[in-house]
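Sequences listed follow chains F and P, in order.
The first sequence begins at 1 in our numbering and counts up by one.
The second sequence begins at 1 in our numbering and counts up by one.
No lab work stands behind these hints: they were computed from the structure.
The structure displayed is predicted, hence computed values, not measured ones.
Chain P regions said to be covered by chain F (calculated; three or more residues, Cβ under 8 Å): (1) 95 to 108; (2) 227 to 237; (3) 273 to 282; (4) 292 to 299.
Cβ atoms here follow ideal geometry from the backbone N, Cα and C, with glycine treated the same way.
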Amino acid sequence: MSVFAVILGLIAGAILMIATGNNPLDGFYFLFRGGLMNIERVGNTLATATPLIFAGLSVAFAFKTGLFNIGGAGQMLIGGLCATAIGLTFDWPKPILLAVIIIAALIGGALWASLPGLLKAKFNVHEVVSTIMMNWIAYWIIFYIVPQYFKGPFLETESQRIPAAASLKVPWLTSLFSGSFINLGFFLAIIVVVISAFILERTTLGYELKAVGYNRDAAGAAGINVNRNVILSMAIAGALAGLGGATFYVGFASNMQIGVLPAQGFDGIAVALLGANSPWGVFAAAIFFGILHTGKGFMNAMTAIPPEIADTIIATIIYFAATSVLIERNWDKLLKFNRDNLLRRKKKESLEVEAGGDQ
Amino acid sequence: MVDLIYQLFPYAIAFTIPLLITSLGGLFSERSGVINIGLEGLMLMGMFVGAYVISSIESTYPGTAVWIGLLAAAFFGALFALLHAFACVTLNANQVISGIAINMIASAITVYLARFFTGSGNLQIIRGMPRITIPFLSDIPVLGRLFFTQTYATTWLILLVLVLATFLLYKTRFGLRLRACGEHPHAADSAGVNVYLMRYMAVMISGACAGLGGATFIVTLSGEFNGTAAGLGFLALAALIFGQWKPWGILGATFFFGFASTVANVSQVIPVLAQIPGIYLKTFPYVITLLALILSSKSSQAPKAIGEPYDKGKR
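When you get a sec, could you build the whole thing from the sequences and use the hints?
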């Protein structure tokens with residue numbers, strides 16, 4: 001399913017390149033080269049992939065419990081706000097400050113997302129609608145809180161830059177990847193992927209979450225507290241997205257812009273779909289999207305293709321991931337049809353040969 | 001205070017109208033049983049097409065360019081919505097994912113094309129919709145000043161669409177069938193209604209309406225396409241829910257939201273309003289929609305079959 005969606009997404013990108021008078025082979029060559037050509041760009045690819053890993057895990061975790069978390073963007077904003085607020089307020093040694101930042105982002109995201117979970121559990125409010133509303137509430141909170149309390153020195157529309165001690169970037173890593181954006185967030189992401197896989201596959205909690213996702217009524221009948229698991233699943237999803245926000249706003253970037261919902265929140269849905277909701281699948285899909293996002297600027301510099309081609313490809317992948325069940329079914333039918341035809345023809349031939357032999 | 005209301009009213013109405021038409025579009029789609037989270041993207045497509053068409057022909061046809069732009073936006077909105085209909089109706093895809101994909105495709109492809117056409121990614125129009133004061137009616141005390149001065153022709157057009165849409169949905173065979181598809185598609189099918197066709201039409205109507213809404217926003221308020229619909233489509237979605245999937249409820253909800261947004265937008269420059277923190281005014285539509293969802297959870301008016309792909313085989 002995933003491979004189909006990716007191929008169709010790339011084809012759609014190629015069509016768009018051709019339609020605007022560009023050579024798609026050049027486009028893809030520079031797109032991938034831009035994401036991978038040297039150690040700095042590899043570092044940037046990993047840094048770009050880091051928030052996507054968290055956003056993808058967030059969506060995937062909620063999916064496992066049968067919930068659709070499209071509030072990743074808002075949860076990232078709240079996590080990022082918690083991280084930025086602490087980074088700008090306290091003057092502690094780096095290890096302590098980073099630990100507090102990460103915990104604050106985690107808690108902020110978890111609380112933000114547990115409200116839709118609560119509404120789902122108590123009032124059966126559909127989480128898709130409530131998380132959309134929560135996204136825009138978060139958007140406007142950032143819009144007013146950041147200029148009021150953390151205004152940058154030059155622009156009304158962004159926060160101050162966080163001090164070096166509050167950044168997930170560390171000198172040895174930056175110089176190892178010759179000046180790239182890569183930061184400790186990437187290692188945090190790997191740890192969280194491992195923990196997520198462990199929770200989902202090896203613990204009672206994971207078992208219960210998945211049981212609720214497979215069949216709510218059966219899970220309830222088996223004595224699993226469905227409401228508790230719904231709220232918990234949303235809280236975990238929010239915590240993951242909140243961490244993603246921290247890695248984006250105090251890792252990849254060093255300040256917060258107002259008036260922007262982070263695109264990673266929605267790209268996370270593509271990441272989860274493409275990664276088939278498994279933690280390591282999410283990891284791989286996020287790296288793939290990281291390449292596209294890192295390479296698009298280079299491609300734009302080397303060709304006349306606007307960088308939004310990467311976003312188009314990702315959006316098309318989501319579209320086809322949503323529709324691929326049927327496409328796949330038809331593909332199977334087509335294969336079977338061909339195979340049957342082939343068999344029939346062979347049979348006919350062999351019959352003819354036999355008939356010929358009789359004469 | 002009274003003067004303030006007189007001042008704000010034309011802006012509040014101008015802000016309400018694009019929301020209203022987009023939300024009405026969502027009403028058609030959701031009443032037929034197809035969730036439409038893609039309203040934001042459909043609106044953005046309308047903004048792009050409207051701005052592009054108008055900016056490229058307005059020097060040759062200064063008077064009619066705006067109307068041609070609106071028409072083109074509605075047409076391409078419907079065409080783009082076909083993608084959503086194809087996924088949801090023919091391919092039985094998850095309607096929420098398809099809607100998100102619509103939003104993402106719209107925001108990627110419109111900026112891609114805008115950059116390709118202009119280099120900068122912004123499309124500006126020089127002449128928007130002119131404001132008109134309606135003779136005689138504007139002389140009515142109070143109401144005349146509130147509703148009939150400084151209005152746009154699009155406002156009246158879209159209010160007319162509201163009346164027509166209400167008539168279409170509740171007084172015609174088409175409307176009854178469309179609503180039946182959203183409540184009980186299997187029963188509709190056994191009564192001879194082509195559920196697939198009805199849903200295709202409903203989703204395309206929603207695309208046309210949202211496209212028109214986006215272009216209306218361009219020609220009345222913003223004057224340029226800058227690559228985002230800034231959440232207007234989601235605001236329209238909130239209004240659809242807060243209005244409990246009913247045309248007149250939607251009118252009330254969009255006006256509430258339009259007024260709150262206008263107050264928030266101008267509160268910085270008007271001393272009386274500066275006391276109300278913008279954060280409350282801007283989050284108000286979303287908070288109140290959440291509250292409405294909680295309060296109506298026992299007796300939700302949402303179409304019953306919403307979000308379910310129709311499978312003939314399960315009849």
